[in-house]
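Engineer: One-letter residues, chain by chain:
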Amino acid sequence: MTSTAISARDVHKIYGGMPLERALRRISGRGGKPRGRVHALRGVSFDVGAGEVVGIVGSNGAGKSTLLRLIAGVSEPTSGTLLVDGSVHAVLEIETGLLRDRTGRENIHYMGGLYGAAAEELRAREAEIVDFAALGSFIDHPVRSYSSGMKSRLAFAIVTAVDFDVLLIDEALSVGDVGFALRCRQRIRELCRRGATVVLVSHALQSIREMCDRVIWLHEGQVAGDGTPDEVVEAYRVVAHEQTQRELARRFAPLGGSAGDSGSVAVERLVATIRPGAPAVHLFRLGEPFVVEAAIASERQIDSACCRLDVVRIDGLLVFRDEREISLQDGRNELAVFLGPMRLGRYTYRIRLQVTASDGTPLAHRETAVAVEDHEHAYTCGYYQEVEWSLSA
Amino acid sequence: MVALGVAVSQRRVLRLLRVQLRQELQLRYLGSVAGVYWSVINPLVQVLVYVVLVTFIFKAKLGATSGGKFDYAIFVLAGMSPWLAIQDGLTNCASSLVRHASIVKNVVFPLELLPASAVVASLAPLLVSLIALGCLLGASGRTVGVSLVTLPLLVALQLLITLGTGLFLAILTAFLRDLQFILPLVFQVVLLITPILYLSSDVPHPLAEIMRINPLTYIVEGFRQVFYDHGWPSAPGLGYSAAFSVLLVAAGVAVFRRLKGYAEALV
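Heads up: the sequence lines are chains A and B, in that order. Remember, the working numbering sits 3 above the position in the first sequence when you count from 1. Remember, the working numbering sits 233 above the position in the second sequence when you count from 1.
Next up, chain A with everything else stripped away, as it sits in the complex (with noise of 0.2 Å):
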């Protein structure tokens, strides 16, 4: 049985409850009007045995910064007990304490020393920390001067090199290069090799599966799941899912009517979906069938018509673009565009659908957007698919 290095029970944590913190607020009139409370974390327990990596996942405002500001101690819950066994050392944000006015070498001894470490110790760690930071020259320059990415670099490399017993760390890793990610992680790895506790806060889903032994997911304060790696980010992951869906089709709602038609052909429909008749989808799914279902209403017999269809990703990059000879019935139209299985990157794109005359005139055009759901080819843009085009009247 190894033994518990996080305990937490019942932990709740209110910002902006105490009768003084209120009064003073109101005083000094800091932010405008006093914020209410807000109840961060609402009951959270679980314990943590020494050792285990724990990932630590949920949507935005769940609760995790929090709960890990809790375990470093930098922070106190209201109500409940949070115990921690050992020395705790923590990246919770990317600066981590460095002072902006000092060289990162003067920031290696004093951030050092802030953690426990002896000065001797120090110097004779510094070139790892260095070696491990890769700044190469910028060690020597003031901390001000350096990217994000450094930032965390250093933080990293300097918290991670003084002996601790729990290490927590909260999306500092995100804003690494991929080289840096990848050290990091064999760092981490070692670290629990020698018995240190992780706890890791990610969005990046995939990282905190291969990394975490265990996952816990916070919804709204309270843990929703708590489990296996694969398990926990499934459900997590269905639920996310679910949620971003109903945020985008919200989002991308007056998109649909923004039709600027003109005469006596109009686009009535356009929609995004995994199959002709199914419910239009804002959210794909990479490899998800990807249908452009459209309605064109038309007053008259068009034999000739030009109908175009435009993927363009938000940024403004125009990622896809196909156009067919259609003729359009009196009356309704119903077009579906099968592009093949979902290869666009993790970006929300516009689908434009427009039909001009055989002259060149336009005639209709309508608008509607996707998403595409967090995947590891994440930055893929090309769509170099067979697309089939089906008219029926």
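Please keep in mind that the hints were generated in silico from the structure rather than gathered at the bench. None of the values given here were measured: they were computed from a predicted structure. Possibly wrong hints are sitting among the right ones.
[To be verified] Residues from chain A that keep clear of chain B, each with C-beta distances beyond 12 Å, as calculated:
(1) Thr81
(2) Gly100
(3) Arg192
(4) Gly319
[What the hints assert, rightly or not] Rough simulated footprint, nothing fancy, chain B against chain A, three-plus residues with beta-carbon under 8 Å:
(5) 69–80
(6) 116–122
[What the hints assert, rightly or not] One-sided and incomplete, this derived list gives chain B residues near chain A with beta-carbon spacing under 10 Å:
(7) Arg248
(8) Arg251
(9) Val252
(10) Arg255
(11) Gln259
(12) Asn275
(13) Gln279
(14) Val340
(15) Gly374
(16) Gly494
(17) Tyr495
(18) Glu497
C-beta: ideal position from N, C-alpha, C; glycine also.
Please build the complex by placing chain B on the supplied structure of chain A, with the hints as guidance.
Structural biologist: Positioned in the frame of chain A, the structure of chain B alone reads:
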């Protein structure tokens, strides 16, 4: 087991205080030329202004002066030395949590050490003033008496008062930033009710009473006994100051502990 734990953590606290103090001093005295200006030249210029004002413009005579040409300068600087250090310490205490926001937010750290290191760092301006005072004494051919042995006690009291007040200021400034800007005004008022520029016996009725309850009075007069009058500081006065400063520190620690859990969300 428990006792060992406490002993270890005390050693850790001392080490942290050293790290923090070194950084505080380096930042102030090595970081920039301006740092040296603010903490050394500025207060000395202030003293010079008072001396010129009183000896050459108002041509005031202190009851006790024997008429030496640096007499009033020594008189003022002796009383001013602890006061300059207290001002410096309190100013830095007030801003300590806000200045070190990234530590407050990120590092598991006994936050009391931030104001505490500002208080210890206030020994630096004291040292500067005492060196200037030594030069003046040398130039005027005066010496100091055996009452110099009470100097450590006076300095200890001065530090305690700075710490007690500083703890309040540090935590309250997190809630009320404006405190930092009100502070210089308060210093002006305290200068008036402390016998630094003049003797407490030269002061009219209501002010004299206020001076008597001001614990700084006895510390300032103690410094002046040591460097100017060559007598012994008043024992009952120092007893009063000591009791006052111990209570102040106790109250400061209590309030600081009570509120420090909220600092992280405010700075």
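Engineer: Work down the list of hints and note, for each, if the structure agrees.
Structural biologist: Going down the list of hints, with the structure as the test:
1. Thr81: Incorrect as stated: the minimum Cβ-Cβ distance to chain B is 9 Å, not above 12 Å.
2. Gly100: About 4 Å separates A/Gly100 from the closest Cβ of chain B, which leaves it inside 12 Å; violated.
3. Arg192: 24 Å, holds
4. Gly319: 37 Å, holds
5. 69–80: holds (count 6)
6. 116–122: holds (count 5)
7. Arg248: With a closest approach of 7 Å, the B/Arg248 hint holds.
8. Arg251: With Cβ-Cβ at 8 Å, under 10 Å, it holds.
9. Val252: Status holds, d = 3 Å.
10. Arg255: This interface hint holds because 8 Å falls under the 10 Å limit.
11. Gln259: 8 Å, holds
12. Asn275: 21 Å, violated
13. Gln279: B/Gln279 check fails; min Cβ-Cβ to chain A is 27 Å, beyond 10 Å.
14. Val340: Holds: closest Cβ of chain A sits about 5 Å from B/Val340, inside 10 Å.
15. Gly374: B/Gly374 check fails; min Cβ-Cβ to chain A is 45 Å, beyond 10 Å.
16. Gly494: 4 Å, holds
17. Tyr495: Where the cut-off is 10 Å and the nearest Cβ of chain A is about 5 Å from B/Tyr495, the hint holds.
18. Glu497: Where the cut-off is 10 Å and the nearest Cβ of chain A is about 5 Å from B/Glu497, the hint holds.
Of the numbered hints listed earlier, those contradicted by the structure are 1, 2, 12, 13, 15.
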